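Engineer: Input sequences plus hints: build the corresponding full structure.
Quick note, the sequences are listed as chains A and B, same order.
Quick note on my numbering: the first sequence kicks off at 1 and runs consecutively.
Quick note on my numbering: the second sequence kicks off at 1001 and runs consecutively.
Certain hints may be false.
[Said to hold, decoys possible] With a straight-line Cα cutoff of 20 Å, these simulated SDA-like cross-link-like pairs (lysine to any residue) come out: (1) Lys7/A with Asn1151/B; (2) Lys1123/B with Arg59/A; (3) Lys7/A with Tyr1272/B; (4) Lys89/A with Ala149/A; (5) Lys7/A with Arg1213/B; (6) Lys1123/B with Glu58/A; (7) Lys1146/B with Ser8/A; (8) Lys1123/B with Ser8/A; (9) Lys7/A with Arg1145/B.
By construction, these hints were calculated from the structure, which means they are not laboratory data.
Remember, predicted model here, so these are calculated numbers, not experimental data.
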Amino acid sequence: MSERLTKSAARNIFYGGTIFFLVIFIGLTLHSHNYIVNESSNQDQLTPSVVAGKHVWERNSCINCHTLLGEGAYFAPELGNVWVRYGGKDDPEGARDMLKAWMAAQPTGIEGRRQMPQFNLTDQELDELVDFLKWTSEIDTQNWPPNEAG
Amino acid sequence: MKYQSQKVALYYIYGALTLFAAQILFGVVAGTVYVFPNVLSELLPFNVIRMIHTNALIVWLLMGYFGAAYYLLPEECETELHSPKMAIIQFWLFMAATAAAVVGYILGYHEGREFLEQPLPIKVGIVVVALMFLYNTTLTLLKGRKTAVSNVLMVALWFVALLFLFAFYNPSNLAVDKMYWWYVVHLWVEGVWELIMASILAFLMIKMTGVDREVVEKWLYVMVSLSLFTGILGTGHHYYWIGTPGYWQWIGNVFSTLEVVPFFAMVVFCFYMVWKGGRDHPNKAALLWSLGCSVMAFFGAGVWGFMHTLSSINYYTHGTQITAAHGHLAFYGAYVMLNLAIFTYALPYLRGREPYNQQLNMWGFWITTSAMAFMTFTLTFAGVVQTHLQRVLGMNYMEVQDQVALFYWMRLGAGVVVLIGVTMIIWSLVVAPRGARVTAGARQPAE
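Structural biologist: Have a look at this one:
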């Protein structure tokens, strides 16, 4: 490597540059935080039920089979848009009933098909989970996923 | 080995190898469930299997870094560790927390954010472990010689701990949650872990090639600069579709594409140092792992990462088997191989022996690396088919999964071969043949 670059110069570039990029990154994150809260998500509809639904989602580690907005395991379908896929936009009651019925019917026990466990959620927990998934589907995700299949 | 206190590294290396074995076993079980979905479905559901697979990986890698730090800091700082006893207590605390977490997962005690599933008391335990480690190593650093290798390593390990604090922040707004979640996940593996990687590779190059420290350390600063200058804003490639603003597509495209550069620099660095040094180090296997690490990290993290990092492509591939392919080879190439390089290098010194079981170790290298490459290819093919059928044509998820079933069979095959290779590696490291005692001249490192 060039003789003109000394070790101490390289060190100073490393520390100086890292601080520079870190400051930009933190600034942009704070801006994005504001953007999410004020524009891309329905912060005002973050009801206790939606929040409780997020905890149901977490307590049962759904993320380790499903993806949510594309993040998670890849063993089971994307659920960020499951509300839309089940027709929740046109028929919210129908979609809710279908989702709850689906959860109640697990595991199917069908040979050769991936099995979703029975989580034994109460009716209230199921409602909260559905509220959370509905709320999630309304986040402005730059039009991701490309289609209803998720 | 020049300093007695380096011996504590043995605990960490054996602990790491134990969890490594567990990680691979659970990986094979998960791969089996992909092709026989009814296996274990009642007893141990897939989400628990995967949790153990990923968590064991992360924990054993961290344990390996702790061990590497305890091994190389005394040599770099030219002084004994501040407190070897504390390092041993820290080890058992970490092991106990890990065991508790695994048992807890099986019994259903866990939180639910990916990779951060540890229940709160375990998370607190991890912080205590990290504080013990940082206290011990920082005091060692302060009382001894300060080299670029030890400085960069310690800066990185401090940031590993600081960034983990975001694991305690779980906002109710999912989009906000996801944004800060990446502060732990991305800024670890595509940020400060690269610093750990570069500094350990630099240490190994100094020791094994005999190239002048000044040259190596200048390279080190250039490599870690490239890592953070690209990696910090490269976080943008995770902010495309989670509710964050559209400008992240520009930032993510540019900076995450540049994330390939530091990995390429590490390949050039390792090969150039070996060529320049021209020294015939007896531990051939450690050299093989070091060079292999740089190359496989370049392909796994660099090339496979770039493949789906542009937002126009990622729009279709995000969260498919493409991501899984990249994840597997990146972790293997960058961080698994890094740990195996330093273990292979350090163990003969720690045990007072000549480099031993070199042939078996190197066979393990080639078998495991080939199988990981094959696994990555099969998952990539699965991902391409999945992307087309599901994301372009809009076919239903489960129907698509049936279409790619063949690739899951091949992935399981690759996984079984990985298990065989890893068994050979662990055997070669842990079981030393009789009569491999070190002779006087062989234990002198380069420099």
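Engineer: Which of the listed hints are broken here?
Structural biologist: 8
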